[in-house]
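K.L.:
So you can see what is in the structure, the chains are spelled out below.
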Amino acid sequence: MMNTRQLNFVWVVLMLATLATYAIGEVGEQLGIVGPLAMAALLVISFVKGRLVALDFMGLRGVKFFWRGLLIGWLLLVSALIAIAYWIALR
Amino acid sequence: MKNTTNTALPGPAVAPPGDLAIWFFILAELLAFGVFFAAYAFGRANNVELFNEMQQTLDRQAGAFNTVLLITGSWCVARAVEAVERSRSATGARWLAAGILCGGGFLVVKGFEYAAKFGAGINLSTNTFYMFYLSLTFFHFMHVILGMVILVALWWKTRQGAYGPGNMNGIESGAAYWHMVDLVWIVLFPLVYVMR
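Protein sequences, first through last, are from chains A and B. Be aware that the first sequence starts at 0, since it is given in numbering that gives the first Met the number 0, and climbs by one per residue. Be aware that the second sequence starts at 0, since it is given in numbering that gives the first Met the number 0, and climbs by one per residue.
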């Protein structure tokens with residue numbers, strides 16, 4: 000189920016995603032990625048990263064949906080709460 | 000990381016890798032961090048200007064580097080589990096040692112960050128942002144330390160050949176905890192260091 004190539008591939012994707020998060024912080028303004036767009040991009044990136052960690056590093060990919068659902072559900076819930084709080088702050 | 004008791008069955012494994020108890024512990028930890036993240040986000044909603052201004056005083060480069068260290072540490076431990084499952088204990092032990100080094104690197108970088116903040120006279124009562132920043136990151140810091148203690152124990156036992164195919168429970172459980180520490184930081188870094 001777990002194989003070297005898949006684990007290495009996930010590591011590369013996670014590194015690139017981390018670079019993207021850092022870039023939004025450093026040059027987001029120059030690229031026009033600010034405000035709600037930046038918030039949404041950051042949450043999507045962290046969701047993608049968290050999902051890969053849960054499925055491939057934690058080894059939940061081949062496990063019953065219940066367990067994957069708990070971890071991915073946690074990611075979605077936390078992301079939703081952060082988005083709601085961000086939206087409240089805009090008003 | 001195959002569930003050893005269900006290898007003969009087609010379809011998804013019933014239980015996650017490792018001991019079921021560690022997964023309940025992980026879920027409890029995720030719940031605690033989830034509450035903490037929500038508290039930060041809603042705390043920010045009431046003090047947007049303060050949070051945006053104070054976030055600029057954080058060392059984003061150090062935060063990003065620490066993300067790289069934790070993810071790489073997580074990858075090392077996943078490679079260790081994979082090696083041990085293929086009966087390669089010596090290789091597995093080396094990957095675990097690499098994971099421990101990554102965790103140690105995280106603690107050193109975070110230590111420098113804390114030293115810089117404390118040196119500037121910042122503490123828990125400086126303002127709401129720093130109250131959250133210090134307590135949230137320190138709560139996570141303690142989890143990195145516990146994760147490293149677990150990794151050292153796994154490294155020690157793996158070197159002695161204590162794990163292998165058919166006996167993966169201990170190493171899979173410890174690894175799952177370490178990945179949880181990484182997972183939490185993956186949300187923490189953009190939320191506290193970048194989002195504004």
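These are calculated hints, taken from the structure and not from any lab test. A portion of the hints provided could be inaccurate.
[As the list claims (entries may be wrong)] Here are the simulated distance ranges between beta carbons:
| no. | chain 1 | residue 1 | chain 2 | residue 2 | range |
| --- | --- | --- | --- | --- | --- |
| 1 | A | 86 | B | 152 | 43 to 49 Å |
| 2 | B | 58 | A | 89 | 52 to 58 Å |
| 3 | B | 140 | A | 5 | 37 to 43 Å |
| 4 | A | 5 | B | 119 | 52 to 58 Å |
| 5 | A | 83 | B | 96 | 38 to 44 Å |
| 6 | B | 158 | A | 11 | 37 to 43 Å |
| 7 | A | 5 | B | 160 | 34 to 40 Å |
| 8 | A | 25 | B | 134 | 23 to 29 Å |
| 9 | B | 14 | A | 5 | 31 to 37 Å |
| 10 | B | 24 | A | 25 | 32 to 38 Å |
[Unchecked claim] Below 20 Å or equal to it, Euclidean Cα-Cα: the simulated SDA-like pairs (lysine to any residue) are:
| no. | chain 1 | residue 1 | chain 2 | residue 2 |
| --- | --- | --- | --- | --- |
| 11 | A | 63 | B | 19 |
| 12 | A | 63 | B | 11 |
| 13 | A | 63 | B | 158 |
| 14 | A | 63 | B | 112 |
| 15 | A | 63 | B | 97 |
| 16 | A | 63 | B | 26 |
| 17 | A | 63 | B | 24 |
| 18 | A | 63 | B | 118 |
| 19 | A | 63 | B | 96 |
| 20 | A | 63 | B | 168 |
| 21 | A | 63 | B | 13 |
| 22 | A | 63 | B | 86 |
All C-beta atoms, glycine included, are put in the ideal place defined by N, C-alpha and C.
K.L.:
Tell me the numbers of any earlier hints that the structure contravenes, in ascending order.
P.N.:
2, 3, 4, 6, 7, 9, 13, 14, 15, 18, 19 and 22
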